[in-house]
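There are 2 protein chains.
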Amino acid sequence: MAEHPYVPQSLHLPGYVPMQLSVIEILSGYGLSSLGVVLLVWFVSGQFRHLRGVERTLMCWWAFTGLTHIILEGYFVFTPDFYKRKPPNYLDDVWKEYCKGDSRYAARDSTIVMVEGITAVLEGPASLLVVYAIATRRAYNYPLQLAVCLGQLYGCMVYYGTPLLDGIEYTTAGSFYFWFYYIFMNCIWVVIPSLIALRSWTEIVRQFEHKKGKKQ
Amino acid sequence: MAEHPYVPQSLHLPGYVPMQLSVIEILSGYGLSSLGVVLLVWFVSGQFRHLRGVERTLMCWWAFTGLTHIILEGYFVFTPDFYKRKPPNYLDDVWKEYCKGDSRYAARDSTIVMVEGITAVLEGPASLLVVYAIATRRAYNYPLQLAVCLGQLYGCMVYYGTPLLDGIEYTTAGSFYFWFYYIFMNCIWVVIPSLIALRSWTEIVRQFEHKKGKKQ
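Residue numbers (the working numbering), protein chains in the order written: chain D, 1 to 216; chain S, 1001 to 1216.
One or more of the hints may lead you astray.
[To be verified] Part of the chain D face toward chain S, derived, beta carbon under 10 Å:
#1 54
#2 57
#3 61
#4 79
#5 115
#6 122
#7 125
#8 128
#9 135
#10 139
#11 140
#12 155
#13 157
#14 203
#15 205
[Stated by the list, open to error] Footprint (simulated), chain D over chain S, 3 or more residues, beta carbon under 8 Å:
#16 1115-1126
#17 1183-1191
[Said to hold, decoys possible] Computed cross-link-like contacts, SDA-like style, restricted to lysine to any residue with a CA-CA straight-line distance of at most 25 Å:
#18 211/D / 1049/S
#19 211/D / 1055/S
#20 211/D / 1202/S
#21 211/D / 1137/S
#22 211/D / 1030/S
#23 1084/S / 164/D
#24 211/D / 1139/S
#25 1084/S / 166/D
#26 211/D / 1198/S
#27 84/D / 1167/S
#28 211/D / 1136/S
#29 211/D / 1052/S
#30 211/D / 1165/S
#31 1084/S / 1030/S
#32 211/D / 1053/S
#33 211/D / 1050/S
#34 84/D / 1165/S
#35 211/D / 1167/S
#36 211/D / 1051/S
#37 211/D / 1048/S
#38 211/D / 1045/S
Just so you know, the hints here were simulated from the structure itself, not pulled from any lab data.
Every residue, glycine too, gets a C-beta built ideally from N, C-alpha and C.
The following block holds chain D by itself, in its conformation from the complex (with noise of 0.2 Å):
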C-alpha cells in the first residue's frame, strides 16, 4: 500500500508526511492573500492620476502572477523535500494538495523543475518589474510584458505537451484535481498572457507603423 495519496502509487516518497490543513484552507489561503495583492495594487495605483483603468487591471495581474511565480513556484524549486518536511508548512501543504493534480511535482520531474525554475527565477520577478514599469510608463514595459508572457506560453506548453507525450495519466481520486488543478488552474497562464502578448505585440507594431512614414 502506497504512503501517499498520488498517481501512479508506484511512486515512492519515503518519509511522506500527510497534509495538516484542508483542501478548504489551502484554496481559501491562496485565494484570499491573492485577492489582498490584487485589491492592495488597485488601491495604491489609483493614487497615481495619470493610470487609466486598463493599467491598473494589469497592474493586478503582475503584481498577483509574479508573487505566485516566486512565493508559490519559487518555493517549490527550491524545496525538494517538501512531501516530507515536519512540521509541514502552509506552501508544504499547498503542493502536496497541487501533486494530486499532477505528481510529477512530488516525483521531482526534471522538466517541471526546469520549466517552475525559470518561471520563479527569470519570470516571477520580471512580473514585478513590469508593475513598476507600467506605473512609471517604461518605455520597456511593452517588450517586458511580451517576454514574460511568451515564457508563460512556452512554460505551458512544455507544462501541458511532456504529459500527452509520455501518455501518463497524472490525475487522483476522480476527475476534480484534473479538470480544477491541472486543466483550469494552469489554464489561466494560457489565456492572460495570450491576451497580455496580443496587446503588447500590437502596441509595439503601433509604435513602428507611427515612424513608417517618416523614415523610410
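Add chain S to chain D, keeping to what the hints say.
Frame of chain D; chain S shown alone:
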C-alpha cells in the same frame, strides 16, 4: 552487448540500423547546404538596394535557422523510428550521428520531443517569416525577432538544464561529441539569439522613447 553506439548502453533500440554515411559526409552535407542557403540569401537580398548589410546578414541567419528548424529538427519530431529506418536517408544518419552527443533523441525523451516540436512547428516557420519581414521592413519584424529568439533561448535553457537536474552523462566516445555536438552546436542558438534579442529589444524601446515626449 548493446546494438548501438550510444550512452547509456542500457538504452533499448530494437532494430537499430548502423550509419551508412561517414561523419565527414554528414557534417559537410549540413555545412555545405547551410553555406548554400546563406550565399543564396546574401546574393538575392543584394538585389534590394534599400537593405543595409546588417539586415542582409540577419536575413541569412534567419533563413539558415528557419530551414534547420523545419527540415532537420522537423524530421526528428515526425520520424520517431529514424534510428531503424532501412535504408537510412541522409537525415536518419544525421540524427544517428547527433545521438552520440545526446542519446535522448534516440530514447525519444518527451522533453526533447516537446522542445523540438515547438522549435520545428512554431519557430521554424516564424524564422522564415522574419526573412520576409526584414526584406519588406514590416512593422512587426522587431517583435517577431524578439519572440522567436526568446523561444530559442527558452528551449536551450530546458535542453541544457534538464540533464543537469537528472545528473545524467549523455556523452559517448570521448569528449569530442560532448564539446562539439552538445555544447558548441547548441551554443550557437544561445549566443546569436541573445544578440538578436538584445538588438530587437533596444530598437523597440527606442521607438517608445521617441514617442514619449510627444504623447505624455
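Numbers of unmet hints, in rising order: Hints 1, 2, 3, 4, 7, 8, 9, 17, 22, 30, 35 are the ones this structure does not satisfy, whereas the remaining hints hold.
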